[in-house]
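Assemble the whole structure, with the sequences as input and the hints as a guide.
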Amino acid sequence: MKEIILIKNGELTLKGLNRNTFEDILIKNMKKRLNDLGKFEFTKSQSTIMVDPVDEDIDLDDAADRLSKVFGIAALSRACVCEKEFDSIKKTAVEYLEEQLEDAKTFKVEAKRSDKKFPMKSPEICRETGGYILSKFHHLKVDVHNPDIIVTVEVRDKYAFVRGNNIKGAGGMPTGTSGRAGILISGGIDSPVAAYMMAKRGIELCAIHFASPPYTSELAEMKVMELLKRVAKYSGTITTYVVPFTKIQEAIRDLCPEEYFTIIMRRIMMMIAEKMAVKQNCSALITGESVGQVASQTMYALACTDCAVNMPVFRPCIGMDKEEIISISRKIDTFETSIQPYEDCCTVFTPKHPKTRPHLDDVLAAENKIDNLDELMADAINNAKKVIIR
Amino acid sequence: MTAYLDNSATTKPCEECINAVTNMLESNWGNPSSLHNLGINAMKEMITARGEIARSLGVGREEIVFTSGGTEANNLALFGAVKARKRLGNRIVTTAIEHESVLQSAQELEKQGFDVIYLKPDKDGSISKKQLFDAVNKDTILVSMMYINNEIGTVMPVEAMKRAVKKAESPALIHIDCVQAYGKVSINAKKLGADLITVSAHKIHGPKGIGALYINKDANLTNQNFARTFGGEQEKKIRPGTESAPLIAGFGAAVQALSPIAEQKRYIKELNGYAREQLGKINGIKFNNGEDTSPYIINIYIPTFMRSQTILQELSSNYDIYVSNGSACAKGKKSHVLTAMGLDNETLDKSIRISFCRYNTKEEIDLLANALKELIEKHPLEKI
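Protein chains in written order, with my numbering: chain A, -17 to 372; chain B, 154 to 537.
It should be emphasised that the hints constitute simulated quantities derived from the structure, not laboratory data.
Be aware that one or more of the hints could be misleading.
What the hints assert, rightly or not - Under the rule of at most 35 Å between Cα atoms (straight-line distance), these lysine-lysine pairs were calculated in the DSBU-like manner: (1) 273/B x 87/A; (2) 118/A x 239/B; (3) 150/A x 87/A; (4) 344/B x 150/A; (5) 344/B x 370/B; (6) 182/A x 90/A; (7) 87/A x 434/B; (8) 291/B x 313/A.
Said to hold, decoys possible - Across the chosen pairs, the derived CB separations fall in these ranges: (9) 324/B x 324/A: 36 to 44 Å; (10) 241/B x 57/A: 31 to 39 Å; (11) 221/A x 192/B: 28 to 36 Å; (12) 335/A x 240/B: 47 to 55 Å; (13) 313/A x 497/B: 54 to 62 Å; (14) 423/B x 98/A: 29 to 37 Å.
Stated by the list, open to error - Every beta carbon over 12 Å from chain A, so not counted as near; a handful from chain B, in silico: (15) 211; (16) 256; (17) 394; (18) 412; (19) 415; (20) 519; (21) 520.
Computed from a prediction, not measured in an experiment: that's the story for all the values here.
Even for Gly, the Cβ is constructed at its ideal location relative to N, Cα and C.
Next up, the structure:
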């Protein structure tokens, strides 16, 4: 039995004349994602893209799983190709969907035909296929409103398809259709979720992580790489930079008042990230900040951090509760990795009494106590380590 | 020349495994839980190995727990599953031809008051889907079945397990002992609907003393269900204790070195066909398993007055040929598998098991065939 995967595009249908470009980018992304599984052929047909495995022995389960994480797809389904004549169609329906029909209690049949010369009209196809299924599966009942399984028959120009229920796609827009942004990634729960949410809107990601050995260990860095790998399953390749932050953190500790440690640290991180983002052709930054979660993320503190840069900063978690963020984190499988207890930069020199309502003037005054800041930042950027995460 | 045809008992460690183990012992011997670089380096090897095993089963790294072997993994699986679900039911469904580590655990659970059903094989050693569907009910909390039987090579209807559980609307966890099947058939835990899977290294040219248990992260199982050993934080507290990094690395290397399954199966089928042809020419030899069983195992009756233990000692001492009678761990006791199939005493007493691996050759089979011919001539049945 020849099996293929049918892709139903998402918001692309809204895009009018841009649709072709978007579809092409989506196909390019799918090709990249399926690359090491074997050769596939991609064909566009109205609002569906057909993914046809060319090599034998291709693991279609793995292919479907990977495609269910590609942005820009509303739904996908596995379909069986058969001869364009009714006897073949009804036999395929019963054989291909045997397990699902066995397990279901109710079903209905839907039919589409793009070949108007086919001798049966759609309602007739539904009726006859439904009848045949009932004759083979005595426990099944027809339910046209809310069936367990919808058997769809599509009659096209050269052949017919039979498929069962759809698999929900990842939604969003194809990666690369919305430009590039730099995500400030720590090992926490929030930043991977923020990365995923912005990638979902079609943004290609570049990641910036700050490491402070020996205060932070290699384990913390490994944890971040693991998190990015999991996000990359959805977002595609992420060019990552690990920026050595030790000298800067020590300078903050030595020269600045304690209650401004965290906020100055975050400002400097944003400034470095902006400079690196520009080099990587990014037009925005992304962080996992959410109002009120921690002392450095009160509105006032966020205002001080925000004005350190000129680029737009996207904070998709800004209005979310911790529970909501955790829920997404579990869905994209980063939660268990995030909660591993390896210290990252943000917790290294924590002030006992952080300023929750800092005034910008005071922050700037405190920051200026580091008189060689520009030099330290340039040094950090020059020594950043580049890693490509797939 | 020597012929090692006892691969179901254990396999020769492959070169990749030996190199990996040696490297860990000589150069990378830190404690994987240490936070310094020496420890981290050892841990990195463990992460790689864990990833290999996870990938081979179609699961995530975090779903693999290392154990001291198949027996410990089976014990953790059975007692852990039952402890987790005991409030939802009282029945356990398994088969009469499971490995001793499953059978003895099931018998212990029976003593604790659980209703254990042992599905009986037919005379060919097969278990039918119908038997499964009939036995699994709403009261069932665990279904445990091996994928391929180690003595007779029968392939169990493991894909039917999840359907039997679904049909009966049962809360049962599904455990599949894949020790013999690993590396020989393609195993996808999610597709099979398995919650627990046992694998072992020394059956796939890895080292002895290391195995793994796959635990479905969506099955709501915690370390408290599995708690039998108490100690540190390793292996998510399910199996604490300093990790055996050298053996784990060897395990991972062995998995990586596995031949592609389809290709290897073709080769073994060829060997099996040749063996059946050559051995079939010997008068009086009977095959206890048919061609629909795993091609890796041939179980045959030898028409001699010698009993199986003597047969295999004779083959080993005088011919350098290694086979087994029944299961190695039974150490000479009557095979519970062949007994369950209802084979007569004469067959039970004089059957040997030949099991193949990717290193076996036709020459080794010729050696065996000649040896058996000579043995039967020198020690025929009538000598009693």
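| Verdict for residue 423/B, residue 98/A (Cβ pair) under range 29 to 37 Å | About 53 Å separates the Cβ atoms of residue 423/B and residue 98/A, which means 29 to 37 Å is violated.
| message | Using Cβ atoms and 12 Å as the threshold, tell me whether residue 256/B really stays out of contact range of chain A. | response | Nearest chain A Cβ is 31 Å from residue 256/B, so the label holds.
| request: Measure nothing beyond the straight line between the CA atoms of residue 344/B and residue 370/B; if it is 35 Å or shorter, mark the hint as holding. | output: Between residue 344/B and residue 370/B the Cα gap is close to 15 Å, so the pair holds against 35 Å.
| Hey, does residue 415/B actually stay past 12 Å from chain A on C-beta? | violated, 7 Å
| said: Holds or violated: the 36 to 44 Å window for the beta-carbon distance between residue 324/B and residue 324/A? | reply: For residue 324/A against residue 324/B, whose Cβ atoms are near 37 Å apart, the range 36 to 44 Å holds.
| Is the nearest CB of chain A more than 12 Å from the CB of residue 519/B? | holds, 33 Å
| Are the Cα positions of residue 273/B and residue 87/A separated by 35 Å at most? | Holds, at roughly 31 Å.
| request: For the pair supplied as a hint, residue 344/B and residue 150/A, confirm whether the alpha-carbon distance does not exceed 35 Å. | output: Within the cut-off at roughly 18 Å; holds.
| field | 35 Å limit on alpha-carbon distance, applied to hinted pair residue 87/A and residue 434/B | value | Distance ~54 Å between residue 87/A and residue 434/B Cα, so the pair is violated.
| task | Measure nothing beyond the straight line between the CA atoms of residue 118/A and residue 239/B; if it is 35 Å or shorter, mark the hint as holding. | result | At roughly 38 Å apart (the allowed maximum being 35 Å), residue 239/B and residue 118/A break the hint.
| query | Between residue 335/A and residue 240/B, does the C-beta distance stay in 47 to 55 Å? | reply | holds, 49 Å
| task | Quickly compare the C-alpha distance for residue 182/A and residue 90/A to 35 Å and report which way the hint goes. | result | holds, 33 Å
Violated hints for the displayed structure, listed by number in ascending order: 2, 7, 14, 15 and 19.
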